[in-house]
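Visitor: Got chain G; can you put chain Z on it based on the hints?
Residues per chain are reported as follows:
Number of protein chains: 2
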Amino acid sequence: MYLIPKSHPRAKSLYIREKLVKGFDGGVVAKEGLMAHGRGEAFDYLLGEKTSKYAQNAIRAAASSLVSAKYPVISVNGNVAALCPREIVKLARIVNAKIEVNLFYTNQKRKETIVKVLKKSGAKEVLGTDSKSSRRILGLDSVRRVVDSNGIYKADVVVVPLEDGDRTIALKKMGKKVITFDLNPLSRTAKTADITIVDNVVRAINRLISECKKSKIRKIPYNNKKNLAGTVLEIKKNLSRRMPHA
Amino acid sequence: MYLIPKSHPRAKSLYIREKLVKGFDGGVVAKEGLMAHGRGEAFDYLLGEKTSKYAQNAIRAAASSLVSAKYPVISVNGNVAALCPREIVKLARIVNAKIEVNLFYTNQKRKETIVKVLKKSGAKEVLGTDSKSSRRILGLDSVRRVVDSNGIYKADVVVVPLEDGDRTIALKKMGKKVITFDLNPLSRTAKTADITIVDNVVRAINRLISECKKSKIRKIPYNNKKNLAGTVLEIKKNLSRRMPHA
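These protein sequences, in sequence, are chains G and Z. Just so you know, this note's numbering puts 149 at position 149 of the first sequence, and the rest follows in order with no gaps. Just so you know, this note's numbering puts 136 at position 136 of the second sequence, and the rest follows in order with no gaps.
A few of these clues could be false.
[Unchecked claim] Below, simulated DSS-like cross-link-like pairs (lysine-lysine); rule was C-alpha separation at most 25 Å, straight line:
| no. | chain 1 | residue 1 | chain 2 | residue 2 |
| --- | --- | --- | --- | --- |
| 1 | G | K191 | Z | K111 |
| 2 | G | K173 | G | K50 |
| 3 | Z | K216 | Z | K191 |
| 4 | G | K12 | Z | K191 |
| 5 | G | K70 | G | K12 |
| 6 | G | K53 | Z | K237 |
| 7 | Z | K19 | Z | K132 |
| 8 | Z | K237 | G | K50 |
| 9 | G | K53 | Z | K236 |
| 10 | Z | K236 | G | K236 |
| 11 | Z | K236 | Z | K216 |
| 12 | G | K237 | Z | K236 |
| 13 | G | K31 | Z | K19 |
| 14 | Z | K119 | G | K237 |
| 15 | Z | K237 | Z | K70 |
| 16 | G | K111 | Z | K225 |
| 17 | G | K236 | Z | K132 |
| 18 | Z | K225 | G | K237 |
| 19 | G | K191 | Z | K226 |
| 20 | G | K225 | Z | K236 |
| 21 | G | K237 | G | K177 |
| 22 | Z | K236 | G | K191 |
| 23 | G | K22 | Z | K31 |
| 24 | G | K226 | Z | K237 |
| 25 | G | K119 | G | K173 |
| 26 | G | K53 | G | K90 |
| 27 | Z | K191 | G | K236 |
| 28 | G | K109 | Z | K70 |
| 29 | G | K191 | G | K132 |
| 30 | G | K22 | Z | K111 |
The set of hints was computed from the structure by calculation and includes no laboratory data. Bear in mind the structure is a predicted one, so any value in this text is a computation, not a measurement.
Bound conformation, chain G alone (with noise of 0.2 Å):
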């Protein structure tokens, strides 16, 4: 690993992208999802860098769906498992959700280095690894087709931190609530999920550890698709205030 100059303006963001490349480095994460950290660090230093009002909102929403869930899954990839593996172990523990592996990129090798993160972590059980229990996903040529019967197929609400917007789609039409993390309010992940959590995950999962926690969750009213307006009515004025005659 190389030495970030700590007078380096970039320097905190330049951390959390180390963990990646640990992950990386540890068979985590793949390269695409390399790649995919960089566009959710653009979208982030855009946001400024904080959990907006509208975020808070859409962690709240999903803390009493989550909450209420008759069967919730939390659905892994390689960059959730490399920023956040402990945090998402408590999170399934607190909501009583199942934690499944379900990648892109599958690769079964990945996939148990994951599990084996997860379980190093916490977790007593993984989903997502045993083929006796796969099931295929209709209407996706992608090769992450495949979800676990015990898991992302049987559930009621799936929280999919950092997903694909052809598997959103396709888990909707499944029947499912979605909820999901996206730096991206314009991504078709973000306008297709239920409930979209435009922060950092690295964030935004501590506040909805917390929310989840609360003994009274209130339902409160949630729109997503006005949510996800906010959210970009803050980068506007994130971008105007940073360039000031644009």
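Guide: Below, chain Z alone, put in the same frame as chain G:
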């Protein structure tokens, strides 16, 4: 390599992404370079993945500077070598510029691999690997402070595609005229350079080559700050188009 489904709405972007992955597999691109590409992708997406009139202004100004330069040098890093090595060689030939390999995450082996790629693409001479002619740039604590005494060190005009902010500032302090390609109009590099081409290097470099080929290059009035502000306005318009109620 994985099959990219043709039906995927981001297929074009995914193909370019695979170029980077190939470059990574071939030892040309660094892990951090994959993430940097992702950041670029996000900004390109916000720019509508096309060359704006502001980018075209910058390209024209860059051509004028390059054609009238006394000792122009083009700095090449891993991502540039993976994306458009032939175009770099072509541009260097047309404006009679030196090519220098210069990396943020320096590494002698990777440097030599990049030299090979450039020579395979037609380059006669590539600077930056001979320690006897290396010079240090003052005011940089990054590993990328070393430049070639017959290259960047001696140049009056430097083309630094996909550059880091610290280094752009250091080059300006050395009195160089800096031309950069940067998809983030708010970056320190974008704001520090004399001419910032806010466009995907894959698209913009061909336009730059065309401009440099023109027999008569008119000196056009150019203001980088105003041009960047125009670009940011373009992003804001694109955001509004894609999210009409924001």
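Visitor: All hints are to be evaluated individually against the structure, with a verdict given for each.
Guide: Hint check:
no. : hint            : result
1   : G:K191 / Z:K111 : violated (43 Å)
2   : G:K173 / G:K50  : violated (32 Å)
3   : Z:K216 / Z:K191 : violated (29 Å)
4   : G:K12 / Z:K191  : holds (21 Å)
5   : G:K70 / G:K12   : violated (38 Å)
6   : G:K53 / Z:K237  : holds (23 Å)
7   : Z:K19 / Z:K132  : violated (33 Å)
8   : Z:K237 / G:K50  : holds (23 Å)
9   : G:K53 / Z:K236  : holds (20 Å)
10  : Z:K236 / G:K236 : holds (6 Å)
11  : Z:K236 / Z:K216 : violated (35 Å)
12  : G:K237 / Z:K236 : holds (9 Å)
13  : G:K31 / Z:K19   : holds (12 Å)
14  : Z:K119 / G:K237 : violated (46 Å)
15  : Z:K237 / Z:K70  : violated (40 Å)
16  : G:K111 / Z:K225 : violated (48 Å)
17  : G:K236 / Z:K132 : violated (49 Å)
18  : Z:K225 / G:K237 : holds (19 Å)
19  : G:K191 / Z:K226 : violated (34 Å)
20  : G:K225 / Z:K236 : holds (19 Å)
21  : G:K237 / G:K177 : violated (31 Å)
22  : Z:K236 / G:K191 : holds (19 Å)
23  : G:K22 / Z:K31   : holds (10 Å)
24  : G:K226 / Z:K237 : holds (19 Å)
25  : G:K119 / G:K173 : violated (31 Å)
26  : G:K53 / G:K90   : holds (24 Å)
27  : Z:K191 / G:K236 : holds (19 Å)
28  : G:K109 / Z:K70  : violated (55 Å)
29  : G:K191 / G:K132 : violated (33 Å)
30  : G:K22 / Z:K111  : holds (23 Å)
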